[in-house]
Each structure stands twice: as structure tokens, then as C-alpha cells.
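Visitor: Sequence lines, in order, name chains A and B.
Throughout the first sequence, residue numbering follows my numbering, covering 1 to 181 in sequence.
Throughout the second sequence, residue numbering follows my numbering, covering 1 to 626 in sequence.
Since the hints were made in silico from the structure, they are not lab data.
Any given hint could turn out to be false.
Stated by the list, open to error - Here are the in silico distance ranges between beta carbons for each label pair:
hint: 1; chain 1: B; residue 1: Asp-336; chain 2: A; residue 2: Ala-127; range: 43 to 51 Å
hint: 2; chain 1: B; residue 1: His-80; chain 2: A; residue 2: Ser-28; range: 48 to 56 Å
hint: 3; chain 1: A; residue 1: Ala-179; chain 2: B; residue 2: Ile-76; range: 39 to 47 Å
hint: 4; chain 1: B; residue 1: Glu-355; chain 2: A; residue 2: Leu-98; range: 31 to 39 Å
hint: 5; chain 1: A; residue 1: Asp-176; chain 2: B; residue 2: Glu-540; range: 43 to 51 Å
hint: 6; chain 1: B; residue 1: Glu-415; chain 2: A; residue 2: Ser-28; range: 25 to 33 Å
Said to hold, decoys possible - Here are the simulated BS3-like pairs of lysine-lysine, each with C-alpha atoms no more than 25 Å apart in a straight line:
hint: 7; chain 1: B; residue 1: Lys-416; chain 2: B; residue 2: Lys-267
hint: 8; chain 1: B; residue 1: Lys-390; chain 2: B; residue 2: Lys-428
hint: 9; chain 1: A; residue 1: Lys-112; chain 2: B; residue 2: Lys-147
hint: 10; chain 1: B; residue 1: Lys-173; chain 2: B; residue 2: Lys-428
hint: 11; chain 1: A; residue 1: Lys-160; chain 2: A; residue 2: Lys-69
hint: 12; chain 1: B; residue 1: Lys-428; chain 2: A; residue 2: Lys-82
hint: 13; chain 1: B; residue 1: Lys-416; chain 2: A; residue 2: Lys-69
hint: 14; chain 1: B; residue 1: Lys-436; chain 2: B; residue 2: Lys-416
hint: 15; chain 1: A; residue 1: Lys-69; chain 2: B; residue 2: Lys-19
hint: 16; chain 1: B; residue 1: Lys-267; chain 2: B; residue 2: Lys-319
hint: 17; chain 1: B; residue 1: Lys-139; chain 2: B; residue 2: Lys-19
hint: 18; chain 1: B; residue 1: Lys-416; chain 2: A; residue 2: Lys-160
hint: 19; chain 1: A; residue 1: Lys-82; chain 2: A; residue 2: Lys-160
hint: 20; chain 1: A; residue 1: Lys-82; chain 2: A; residue 2: Lys-69
Said to hold, decoys possible - For the chain B half of the interface with chain A, some residues (derived, Cβ under 8 Å), not all of them:
hint: 21; residue: Ala-427
hint: 22; residue: Arg-546
hint: 23; residue: Glu-550
Backbone N, C-alpha and C fix where the C-beta goes; we use that ideal spot for every residue, glycine too.
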Amino acid sequence: MQASDLTSNYFELFALPVSFSVDGAALSERYRELQRVVHPDRFVNASDAERRLSMQLAARVNEGFRILKDPLARARYLLELKGVALDDTDTRLDGGFLMQQMELRERMDAVKGAADAGQRLYELRDAICALESQLLDELSSLFSDGSPPALQRARDASRKLQFFHRLGEEMAQLEDELAMS
Amino acid sequence: MALLQISEPGQTAAPHQHKLAAGIDLGTTNSLVATVRSGLAETLPDENGSHLLPSVVRYRLGLPPQVGEEARAALIEDPHNTISSVKRFMGRGLADICKGCSCSEYDFAESAGSDSSVPRIRTVAGDISPVEASAEILKTLKACAEKTLDGELTGVVITVPAYFDDAQRQATKDAAQLAGLTVLRLLNEPTAAAVAYGLDRESEGVHVVYDLGGGTFDISILRLNRGVFEVMSTAGNTALGGDDFDRTIAQWLAGQAGLGAEMTVHKMRALRAEACRAKEALSDVESVSVAVPRDDGSVWQGELDREQLNALIDPLIQKTLSPCRRALRDAGIELDEIEDVVMVGGSTRSPRVRERVGEFFHCEVLVDIDPDKVVAVGAAIQADVLVGNKPDDEMLLLDVIPLSLGIETMGGLVEKVIPRNATIPCAKAQDFTTFKDGQTALAVHVVQGERELVSDCRSLARFELRGIPPMAAGAARIRVTFQVDADGLLSVTAREQASGVESSVQVKPSYGLSDSEIEQMLRDSMAHAEEDVAARNLREMQVEARRAIEALESALASDAALLSADERTRLDAALEDLRAKAEGSDHLSIKQAIEALNIASDGFAARRMDAGIHAAMAGHKLEEFS
Numbered sequence: 001m002q003a004s005d006l007t008s009n010y011f012e013l014f015a016l017p018v019s020f021s022v023d024g025a026a027l028s029e030r031y032r033e034l035q036r037v038v039h040p041d042r043f044v045n046a047s048d049a050e051r052r053l054s055m056q057l058a059a060r061v062n063e064g065f066r067i068l069k070d071p072l073a074r075a076r077y078l079l080e081l082k083g084v085a086l087d088d089t090d091t092r093l094d095g096g097f098l099m100q101q102m103e104l105r106e107r108m109d110a111v112k113g114a115a116d117a118g119q120r121l122y123e124l125r126d127a128i129c130a131l132e133s134q135l136l137d138e139l140s141s142l143f144s145d146g147s148p149p150a151l152q153r154a155r156d157a158s159r160k161l162q163f164f165h166r167l168g169e170e171m172a173q174l175e176d177e178l179a180m181s
Numbered sequence: 001m002a003l004l005q006i007s008e009p010g011q012t013a014a015p016h017q018h019k020l021a022a023g024i025d026l027g028t029t030n031s032l033v034a035t036v037r038s039g040l041a042e043t044l045p046d047e048n049g050s051h052l053l054p055s056v057v058r059y060r061l062g063l064p065p066q067v068g069e070e071a072r073a074a075l076i077e078d079p080h081n082t083i084s085s086v087k088r089f090m091g092r093g094l095a096d097i098c099k100g101c102s103c104s105e106y107d108f109a110e111s112a113g114s115d116s117s118v119p120r121i122r123t124v125a126g127d128i129s130p131v132e133a134s135a136e137i138l139k140t141l142k143a144c145a146e147k148t149l150d151g152e153l154t155g156v157v158i159t160v161p162a163y164f165d166d167a168q169r170q171a172t173k174d175a176a177q178l179a180g181l182t183v184l185r186l187l188n189e190p191t192a193a194a195v196a197y198g199l200d201r202e203s204e205g206v207h208v209v210y211d212l213g214g215g216t217f218d219i220s221i222l223r224l225n226r227g228v229f230e231v232m233s234t235a236g237n238t239a240l241g242g243d244d245f246d247r248t249i250a251q252w253l254a255g256q257a258g259l260g261a262e263m264t265v266h267k268m269r270a271l272r273a274e275a276c277r278a279k280e281a282l283s284d285v286e287s288v289s290v291a292v293p294r295d296d297g298s299v300w301q302g303e304l305d306r307e308q309l310n311a312l313i314d315p316l317i318q319k320t321l322s323p324c325r326r327a328l329r330d331a332g333i334e335l336d337e338i339e340d341v342v343m344v345g346g347s348t349r350s351p352r353v354r355e356r357v358g359e360f361f362h363c364e365v366l367v368d369i370d371p372d373k374v375v376a377v378g379a380a381i382q383a384d385v386l387v388g389n390k391p392d393d394e395m396l397l398l399d400v401i402p403l404s405l406g407i408e409t410m411g412g413l414v415e416k417v418i419p420r421n422a423t424i425p426c427a428k429a430q431d432f433t434t435f436k437d438g439q440t441a442l443a444v445h446v447v448q449g450e451r452e453l454v455s456d457c458r459s460l461a462r463f464e465l466r467g468i469p470p471m472a473a474g475a476a477r478i479r480v481t482f483q484v485d486a487d488g489l490l491s492v493t494a495r496e497q498a499s500g501v502e503s504s505v506q507v508k509p510s511y512g513l514s515d516s517e518i519e520q521m522l523r524d525s526m527a528h529a530e531e532d533v534a535a536r537n538l539r540e541m542q543v544e545a546r547r548a549i550e551a552l553e554s555a556l557a558s559d560a561a562l563l564s565a566d567e568r569t570r571l572d573a574a575l576e577d578l579r580a581k582a583e584g585s586d587h588l589s590i591k592q593a594i595e596a597l598n599i600a601s602d603g604f605a606a607r608r609m610d611a612g613i614h615a616a617m618a619g620h621k622l623e624e625f626s
């Protein structure tokens with residue numbers, strides 16, 4: 001026997017409408033409310049069955065929160081719910097985007113060893129933030145459109161977002177290196 | 001009107017009876033036990049009035065081990081049989097211990113003939129594993145608490161450094177088991193400190209806990225929101241602490257006094273004690289005189305001032321700042337969002353540490369709770385809640401896993417399955433496949449760490465999945481599921497999807513004790529205590545039965561409406577059966593009755609859980625969808 005909340009989707013679990021736009025404050029609030037109910041600390045003296053269920057549900061609530069609060073994970077999850085295949089081996093993207101990525105990477109490489117590395121990094125971060133937020137707006141309107149062609153474009157946009165995600169990780173590494181030197 | 005409840009004849013009806021619970025800070029240098037009495041959390045003194053128990057164990061021939069102050073007094077005179085800072089060895093292999101350059105102090109035995117590779121220290125009382133030495137410290141604290149509180153402890157919360165990996169956590173839990181303690185939860189030290197501070201101040205927002213103890217360093221960033229302590233990130237170094245300050249100062253002293261590099265353990269300990277004394281004195285004064293005996297019998301006399309001390313320890317403080325930076329980034333917050341920094345651990349008494357940390361975070365550092373006691377106090381508060389003394393308490397701790405967990409793939413690379421700073425408990429599944437045609441077995445190597453190469457990560461466990469039906473390379477779908485519980489402990493399952501072949505491990509660290517070793521040690525210790533093993537088994541099973549009965553009774557009291565009459569009858573029958581069996585003296589039949597009750601109440605548990613969630617979300621559903 002399974003608790004039904006182990007099989008519902010994350011939006012249902014958090015009582016949120018299925019949408020790319022998520023109210024962050026409401027999400028966090030509900031996350032805490034749910035954990036208050038299901039967390040293993042609430043079941044230390046309970047039966048084995050309840051303790052096991054509590055662990056499974058708390059893990060699920062944590063995973064749901066992680067996915068719903070992160071735009072990239074949320075976009076991918078929404079596509080999955082809508083039945084749009086996410087093929088990570090398919091790496092075709094439009095040429096303009098790839099050019100833009102290469103340019104950003106060149107700028108990042110140039111930060112190392114530059115006299116004004118801190119300032120350059122700061123500006124680069126701003127530029128990336130602006131591009132990312134454009135992409136998020138685009139995803140938002142594509143998901144609210146919801147038609148099959150719009151969802152295909154949302155898939156491409158989510159793949160672009162993944163590029164920014166990796167870029168962000170490398171930036172963080174670079175920041176570390178600069179702080180250490 | 002609700003009907004009044006009447007208990008069965010011969011049963012005490014005391015659902016809210018106060019249970020004895022304690023928080024234990026098992027520290028590198030000192031250990032403490034604390035409890036909540038009359039609503040107040042406080043550390044408990046031993047019979048000499050001391051709240052700090054030195055984490056030192058001395059083994060003697062034909063006599064029980066000494067723990068605490070007496071043992072500490074023997075550190076210099078009996079160095080090989082007196083073990084200090086044993087926390088540094090927990091869950092570690094000999095190679096790791098030697099990297100930390102403290103293996104020369106002890107005579108480590110080859111672990112021949114045992115079925116694990118846990119390092120053991122040779123003493124006059126035999127070869128001692130770090131888990132056993134830690135268990136001695138825990139036993140002493142348990143005895144102290146039970147004597148002061150005049151009763152048996154129902155359960156304890158034991159704190160561990162947030163940055164402890166799975167092997168170190170498991171070793172700590174094993175030590176508790178060996179000491180005869182029921183562990184309600186392993187709690188991260190910085191989180192415990194936040195609890196001690198947070199409940200005092202009721203301050204919402206983002207807080208940093210900087211915990212520099214005797215041997216470990218942790219940094220945690222938490223968000224406090226109406227009783228919920230949400231750890232956003234944690235980082236640290238499990239081999240960095242006040243001990244290293246002492247070692248650095250001792251080296252300086254040796255250099256000043258013109259001592260050679262070769263030194264007896266006896267001399268080294270004496271030098272380190274002098275270094276520690278000077279360091280502590282310099283927290284209050286600007287300069288201190290130091291004396292070091294030379295080999296020729298003369299004594300070198302000198303001065304150590306604060307400036308020199310700062311120059312010596314600055315590189316070590318610097319080493320704590322890069323984990324701080326990483327924790328900030330992982331939490332995704334900026335410096336200006338931080339309310340304050342809570343200082344924990346004896347080493348934060350150093351004015352230099354306070355100054356540098358305040359500078360780094362651009363904010364106030366909080367030092368108003370004794371940095372040695374704050375962790376134990378927080379653990380006691382959590383223990384009181386977990387044991388059920390505060391059924392309506394709003395406090396909830398949401399902690400994270402400090403290091404990524406993954407498995408080895410082809411070419412010695414690590415595929416991360418659960419990233420660091422994931423909130424626990426968590427579960428994650430990932431699919432892998434076979435490398436060769438007709439491959440029927442798969443070796444799963446579980447590792448923990450941030451590096452990409454297996455050789456740079458900590459090996460946690462290895463197990464094999466056998467009996468995969470022969471298929472073309474890449475055709476099998478092997479789902480590996482990682483589950484981390486609320487103590488931060490991992491279990492792993494592997495399952496071939498088509499055939500359903502399954503294999504799982506409760507991860508037992510490579511440098512841990514095996515279950516059979518722990519069992520043997522328990523038997524040995526009971527033989528000494530002249531306690532009958534069968535009697536203990538029975539008693540434990542009866543406690544377990546009582547717990548199961550109480551759990552179900554309280555569930556029935558609040559949610560009986562979720563059951564049909566038929567289901568209720570079956571549950572009552574299973575409950576009655578267990579009550580009867582628990583009166584008897586056959587621990588196996590009690591065990592079976594507990595299992596039968598668990599099976600009978602499975603569906604009820606699921607429905608109760610659903611009902612709880614729906615009640616919590618009900619208001620929102622109306623507002624969203626109506």
C-alpha cells in the first residue's frame with residue numbers, strides 16, 4: 001500500500017497550478033508546511049510503517065521543492081509532464097545562440113590574468129544574468145501557450161538554459177580561483 | 001463532546017509522561033551531555049562539578065579504562081595507552097590518519113584476522129578501535145546523565161560535524177550502539193548551535209554558524225522561519241581545528257628552544273600542552289612567558305606575544321575561509337543578506353579568529369553562549385522534541401548532506417547521484433548499463449566527494465549485482481537508487497529493470513566495524529557486566545513492543561475515523577496479540593507479533609499520512625482552484 005502523495009505530480013503535491021511561473025514565496029511556505037507534516041522527526045516514536053512512509057514522503061517533498069524552485073529543473077519536469085521527449089544526445093541549436101555562447105566563453109577566458117579581473121567578472125555576470133532572464137521570460141510565455149509547437153520551442157529554450165547553467169558553474173569556479181590567488 | 005478514555009486494567013495511562021532524553025556533544029577535545037529540565041536546556045556536571053569531560057580514554061591492564069580528567073592527567077606519563085582526540089580517527093583508514101600526521105603518537109596494530117580494515121591502537125588492554133574508545137566516552141556521559149536525572153535515558157541526540165562523511169557518521173552511530181544508547185538522531189553540530197541560539201532570540205532570516213572545534217571545522221548557512229531551521233549549505237574540513245593551532249605553536253616553540261626534529265612522544269605531548277596553555281592565555285593577555293625543557297636538562301625560557309601567535313595561526317584561519325566562500329555560493333546568498341555569525345567551538349575564543357571571521361562576513365559575531373556548551377544545549381532541545389516531550393512544538397530542522405554521493409563508472413570516473421547540500425532525507429535513482437556483451441554481473445562502487453576521479457573521493461562501499469540475464473552491451477537497464485535518511489546515512493539498491501534482479505547494501509564504510517564485530521563487542525562488554533544476553537534481548541524487544549503499541553494507540557486515538565469497522569477489528573486483534581506476547585518471555589514471538597502488527601497497520605499509516613498532507617494543503621487548494 002502506497003500513500004497517494006507518492007504518486008501525484010509535484011505541482012499537485014504542493015497545491016500549485018501546473019505552470020512554469022511559480023510563486024517562490026508560496027512554494028517555500030508550502031514546502032515548510034509539508035515538511036512539518038511528513039518529516040521523520042515527527043515520527044521518531046511512530047510505527048515502522050509510518051516511519052518508512054515518512055522518510056519516503058519527506059524525500060519526495062525535498063525533491064519536489066528542488067525541482068520546482070530551480071527554473072531549469074522545473075522546465076525539464078514540465079516538459080516531461082507534457083510528454084515532450086528530452087533527448088540529451090540531441091545537441092542541435094541555432095547558430096546565433098552558439099555564437100553567443102562562444103563569445104561569452106571567450107570573455108570568461110580573458111578574465112583570467114586580466115588586471116581588472118574582478119570588474120570583468122562582475123560585468124560578465126551581469127550580461128549572463130540579463131540573457132538568462134530573457135530566456136526565462138520566453139519559457140514562461142511558451143509554457144502558457146502550451147501548443148505542441150510552443151512546447152517544442154520550450155524544449156529548445158530549456159536546452160539553452162542548460163548552457164547558461166554550465167557557464168554559471170564555470171564562473172563560480174573561476175571566482176574561487178580568483179579569490180584564492 | 002469527546003468521550004473520555006479509560007485505560008486497561010494494569011496499564012498506566014500516562015501518554016504525556018515526561019521521558020528522559022539527552023543531547024551529547026562528542027567532541028575532539030571535550031564531550032558534554034545536556035538535557036531539558038523544567039523547560040530549560042542545560043549541560044550536566046559530573047560528580048566533581050565539571051561540565052566538560054575531556055575526550056581522553058586511558059586503557060589499563062586488568063582494570064577498567066579511565067575516561068576524562070584522570071585519563072587526561074596521564075597523557076604525558078602514559079602516552080601509548082592514553083588516547084586523545086579519537087574523533088579524528090573515526091571512520092578513517094590508517095592511510096588517512098597518517099596523512100594528518102598524528103599516527104606516530106600511537107602504535108597502530110595491523111588488523112589481522114578481523115573482517116574489516118578498521119585501524120586499531122595497541123594498548124596494554126588489547127587493540128582498541130576508535131569506535132570502542134568513543135563508546136567509553138559515551139558510556140561515561142550516559143552514566144553521568146542517568147545518575148543526575150535518576151532514571152534510564154529513553155534516547156539521545158548525538159552531534160557530529162556537519163562535514164562528517166558517511167563513514168564517520170556510521171562510526172559514531174556504532175559507538176553509541178556499543179555504549180548502549182538509543183540514538184534518536186545524529187545532528188549536525190552547527191545546526192545544534194543554531195537551535196540553541198535561535199530559540200533564544202526568535203530571529204528570522206539568514207544566519208551563519210562558524211564552528212571551529214578542537215579537530216574539525218564546519219560552516220553552515222541557515223534560514224530561520226517560524227521555528228523551521230532550513231540549512232541552505234554547509235562546508236568544512238574534518239581535519240582542521242585547535243589541535244592544529246597547538247601543533248603549529250609547538251613547532252615554533254621547538255624551533256625557538258633549539259630542539260631537534262626527533263622527539264619522543266612524551267616530549268611532544270609536553271610541548272603541545274605548553275603550546276595549548278600559551279594559546280589559551282593569549283586570549284586574555286598580550287604576552288605570555290613560555291618554558292621548554294631541553295635535552296641537556298636545561299630549560300629554555302621565552303615570550304610568546306599576540307602578534308607572533310597571530311602570525312602563526314593566520315594561515316590556519318585562512319584555510320577556513322575558502323569553505324566559507326563555497327558555502328555562501330552554494331546557498332546562493334550575498335553577504336548583505338546575513339543577519340549574524342554564530343561562533344561555536346573552543347577555538348572561536350581566539351580574538352584573532354573572531355576578528356578575521358567578522359571581517360570576512362562583514363557582520364557581527366555572536367559569542368554570548370559559551371562556545372563549548374552551545375552544541376550540547378542545542379542537541380538537548382532537539383532530543384526533548386524528538387522523544388515526544390513537546391508534542392505541539394513547532395521546531396523542525398531541515399538539514400543537508402555535506403558531500404556529493406556517486407558511483408564509479410568506466411575509467412575510474414565518478415557519476416554523481418546526489419549532489420552536496422541536497423536536503424535530507426532524499427532518494428534518487430539513476431540508470432546505468434552494461435559495458436560488455438553477455439555481462440551478467442555488475443560491480444557497484446559507492447563513493448563520496450566532490451572530485452571527478454574515484455581515486456580522489458572517499459570509497460564508501462562496494463557490492464555486486466549478479467544474475468543479470470546475458471544481453472548485448474548497453475541493453476540492460478540497471479537502476480541504482482540512493483537513499484539518505486534523516487541521520488545522513490546512505491543505503492543503496494541496484495535493480496536490473498527487465499529481470500527484476502536486485503541487490504542492496506546498507507552502506508557499511510570500508511573503515512568501519514562489521515555488524516558481527518559490533519555484536520561480538522556487545523557480547524564481550526555484557527560478559528564483563530555480567531548481564532545475560534538473553535535477558536537483554538528480551539528487554540529490548542519488550543521496549544520495542546511498547547513503542548509499537550503506544551504508536552498505534554496514539555494513531556487510533558486521533559484518526560480511528562479513517563478505518564472501517566472490519567479494519568479496526570483486525571488491528572485491535574493484532575494489538576491485543578502483541579500485548580499478550582509482550583507479557584511473555586519469548587523475544588522471538590514478540591518480534592513476530594510486532595511484525596504482524598506492522599503489516600496490519602500499513603494501510604492505516606498511508607491513509608493517515610495522506611490525510612495529514614491534505615489537511616496541510618487544504619486551504620491552498622480552495623484558494624487556488626475555486
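Visitor: Compare the structure with each hint and give your call.
Guide: Hints and how they fare:
1. Between B:Asp-336 and A:Ala-127 the C-beta distance comes to about 22 Å, which lies outside the given range of 43 to 51 Å.
2. The supplied range of 48 to 56 Å is met by B:His-80 and A:Ser-28, whose beta-carbon atoms lie about 55 Å from each other.
3. In this structure the supplied range 39 to 47 Å holds for A:Ala-179 paired with B:Ile-76, their Cβ-Cβ distance being about 42 Å.
4. Look at B:Glu-355 against A:Leu-98: about 49 Å separates their beta carbons, and that is not inside 31 to 39 Å.
5. One distance hint, 43 to 51 Å for the beta-carbon pair A:Asp-176 and B:Glu-540, holds here, with the actual separation near 50 Å.
6. The hinted window of 25 to 33 Å between B:Glu-415 and A:Ser-28 holds, with their beta carbons roughly 30 Å apart.
7. Only pairs whose Cα atoms come within 25 Å are accepted, and B:Lys-416 paired with B:Lys-267 is rejected, the gap being roughly 46 Å.
8. Between B:Lys-390 and B:Lys-428 the CA atoms are separated by roughly 33 Å; this puts the pair beyond 25 Å, and the hint is violated.
9. Distance hint between A:Lys-112 and B:Lys-147 is unfulfilled; the C-alpha atoms sit about 63 Å from each other, more than 25 Å.
10. Between B:Lys-173 and B:Lys-428, the direct Cα distance comes to roughly 24 Å. Compliance with the 25 Å bound is thereby established for this hinted pair.
11. Taking the CA atoms of A:Lys-160 and A:Lys-69, the gap is near 18 Å; set against the 25 Å cutoff, the hint holds.
12. At roughly 22 Å between alpha-carbon atoms, B:Lys-428 and A:Lys-82 fall within 25 Å of each other, so this suggested pair holds.
13. Between B:Lys-416 and A:Lys-69 the CA atoms are separated by roughly 21 Å; this keeps the pair inside 25 Å, and the hint holds.
14. Taking the CA atoms of B:Lys-436 and B:Lys-416, the gap is near 23 Å; set against the 25 Å cutoff, the hint holds.
15. As the CA atoms of A:Lys-69 and B:Lys-19 are separated by approximately 39 Å, the hinted pair breaks the 25 Å bound.
16. Between B:Lys-267 and B:Lys-319, the direct Cα distance comes to roughly 28 Å. Violation of the 25 Å bound is thereby established for this hinted pair.
17. Taken as a hint, the B:Lys-139 and B:Lys-19 pair is honoured in the structure, with Cα atoms around 19 Å apart against an allowance of 25 Å.
18. Taking the CA atoms of B:Lys-416 and A:Lys-160, the gap is about 22 Å. The hint holds against a cut of 25 Å.
19. Proximity of A:Lys-82 to A:Lys-160 is assessed by CA-CA distance (about 19 Å); at most 25 Å being required, the pair is judged to hold.
20. Simply put, A:Lys-82 and A:Lys-69 have alpha-carbon atoms about 19 Å apart, close enough for the 25 Å limit, and the pair holds.
21. The closest approach between the C-beta of B:Ala-427 and any C-beta of chain A is roughly 4 Å, which is under the 8 Å cut-off, so the hint is satisfied.
22. The closest approach between the C-beta of B:Arg-546 and any C-beta of chain A is roughly 10 Å, which is over the 8 Å cut-off, so the hint fails.
23. The beta carbon of B:Glu-550 is positioned within 8 Å of a beta carbon in chain A (closest approach about 7 Å), and the interface hint is therefore held.
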